[in-house]
Amino acid sequence: MSAFVDTVEQKEQLDAVLSDLKVVKGSLMIAMQKAQEIYGYLPKEIQERIAENLSFPLEKVYGIATFYSQFHIHKPGKYKVGICMGTACYVRGADLLLKRVEEITGILAGQTSENGLYTVEATRCIGCCGLAPLITVGEEVFGNINADDVNRIMENYKE
Amino acid sequence: MPTKASAKPKASTKSTKVKDINLKINNIDISVPAGTKIYDAARKAGFSIPTLCYLKGICNDGSCRICVVEVKGEKNLVTSCYAAVREGMEVFTTTQKVLKDRKITLELLLSDHKVDCPSCPRAGACELKTLSNQYGCDMNRYPGKKNEYQIDDSSGFLVRDNNRCILCRRCVHMCNKIQSVGVIGVNHRGFHTDIGQAFEAELKDSPCVACGLCINVCPVGALTEKDDTQKILDAIQDSSKHVIVGVAPAVRVALGEEFGHPIGTDVEGKMISSLKMLGFDKVFDVSMAADLTIMEEGTELLHRLHDEDAKLPMITSCSPGWVNFVEYYYPELLGHISSCKSPQQMFGAIMKTYYAEKFELDPKNIFVATIMPCIAKKTEILRGSQATADAQDVDAVITTRELARLIKKASIEFNKLPIGDWDNPLGVGSTAGLIFGTTGGVMEASLRTLSETINKKPLKDLDFKKVRGIEYIKEASVDLDEIGKLNVAVVHTLGEARKILEQIKEGKSEYHFIEVMACSGGCVGGGGQPIVCSDIINDNIDIPSARAKAMYSKDKKSGSRKSHENPIIQEVYREYLGEVGGDKAHKILHTKHKKRIRHP
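If you read the sequences in order, they're chains A and B. If you count by the working numbering, then the first sequence holds residues 3 to 161, one letter each, in order. If you count by the working numbering, then the second sequence holds residues 3 to 602, one letter each, in order.
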């Protein structure tokens, strides 16, 4: 994985957030959310900066980051592929969609491909059960599909 | 600055006005103060409730669900360690419903627990095993997927086997709340939840200070010390080695617990006999080296008091967990830490220099083993600048628990042993050195020597009661001729020590000399001491104080209560070291401390 680098602008933004939140009790998660807005994810370097500035052990930050699925520790791929594992999707064969996505991308759910193209996630219910089973790519939703449709959909996200 | 307790009485008269709550536990009437947990109220009424997570003053998460009870009118069982009493409540602690529920919970815990009791070092004191046995659990009741974790034995002092972990979180609270270190925590969620370090780093790459208190609170065998007993057995077997063992003060007042003695029994004589039976060539008392520490540390303090540029307050360096803590978390304050080696390291250094020379032995053929109440001592022997005679000062450290294991392994019938005596010539320490094993002991030993050597007259009363006891931060002032008033403080646990360091950082500290011990109660409560069942802790029994009492009563009766009057110490300086705090003493008995990187 490539080393973490941030822009001067990003750094300034985070510094501002942290200096504001330093004096606010119970602001650790807010800081983590804002940092993720700035960077898109929470790499070790950023978690260390949050921990140092808000006087928490790094493990505390890491524990929270790994508890909530909304926080990302690894840089997400260009295309975030979500497979809904909610009950409706699940009973209509979401596991087959997931298996196919994993075959196509060569990675397992929760991972990011080495070329930085894909991040695959098995998500909880995203609230459009009428379309079950479904996958999402970025903001796009593809519903009422089967495994073979997945191949067709993924053709559009190859580079 | 040093806050006075004058505001306290007012607060306490106020609190007595709070109305007591009346309730029934198993049909017995009882009154307890509002806010009391059902668990504690039940104990007061004489009913013990099992628990695997609740630990008074440390852990109150209600995560294990073993302590459930039935409350009249409540649909569900109530977690007694978490729920507070209410007026008129009727609690039942052992109904069929309660017992059945606890059994299921235990069986669920066993379903994701590596049940390898015969090879688990904790088997004898495992709370899960004891309870499962009492409740007649079927360990295969819920077959299914088990988590599989890699064992982390990277550190050389502690082994974490998460396959045995039941996620009670006691260790997490010990590390975060009591020690303020926070190197371990709860990671991930659901079935994948585990206890570990940030970014799954190995323990050796984490800023763990090695206090080992997490081991003492673990109800199962997920956390254990790194067992070094084989190193000792190998050395004893090796005929080319002269094997010396030094025993720390706190070991003798705790070892007996492993052989059925009540907490606070002094088993020094039997312990010495057992060490001789194990085959050590010499059995010495590390209290002797504690006396050396008093001489060197006292002299260093006087130098600092006379030097305008020197850093004050000076803080003790005997507790390696504490030294690790400062190196990781307050490197900017390292100048305040005394340059003295700890008694263990002074002991090793003297063995490989003075003792080697006196008995014409090659230091390389001397194997120095120590028995310590401490886990961090295992890290200390590997520190830089701790190899005076081109050989490591101390070769292997085992804890009180490991010594008990060795004795049992050798089939020595401990309780039938005769009373043995320390070997000469370096066997005997003063009881000032002995009380090093408890919070306040180093300070008291220091004050005895400083007062007498500076004021040049014998002390009428050798007891410095103000520095004794279990209070977290104790203060005292002593008048010393030519120096004036010496303000001292005594602190134990790292969470409390952090407060003292913050004071120094802000330039608000008015102390000259501070004793810090990393563990609760000092070495008597060290991370290498016998495991005490949580039932006893939850009964408000102060274990460190009970052990310390055995030391103080020995000190009271002793004829040798001052380090500077220990004839052996006088001889070592006269024959070998020269001046106290002089060049040679510095070379052999002092060391350097350095900043450490927290997350490499």
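It is worth saying that the hints were derived from the structure and are not from the lab. For each residue, glycine too, the CB sits at the ideal point set by N, CA and C. Hints are not guaranteed to be accurate.
Residues on chain B that point at chain A, a partial pick, calculated with CB under 10 angstroms [stated by the list, open to error]:
1. Y84
2. G184
3. V188
Hint check:
1. Y84: Not OK, violated: B/Y84 not within 10 angstroms of chain A, min 21 angstroms.
2. G184: Since chain A brings a Cβ to about 3 angstroms from B/G184, closer than 10 angstroms, the hint holds.
3. V188: At 5 angstroms from the nearest chain A Cβ, B/V188 passes the 10 angstroms test, so the hint holds.
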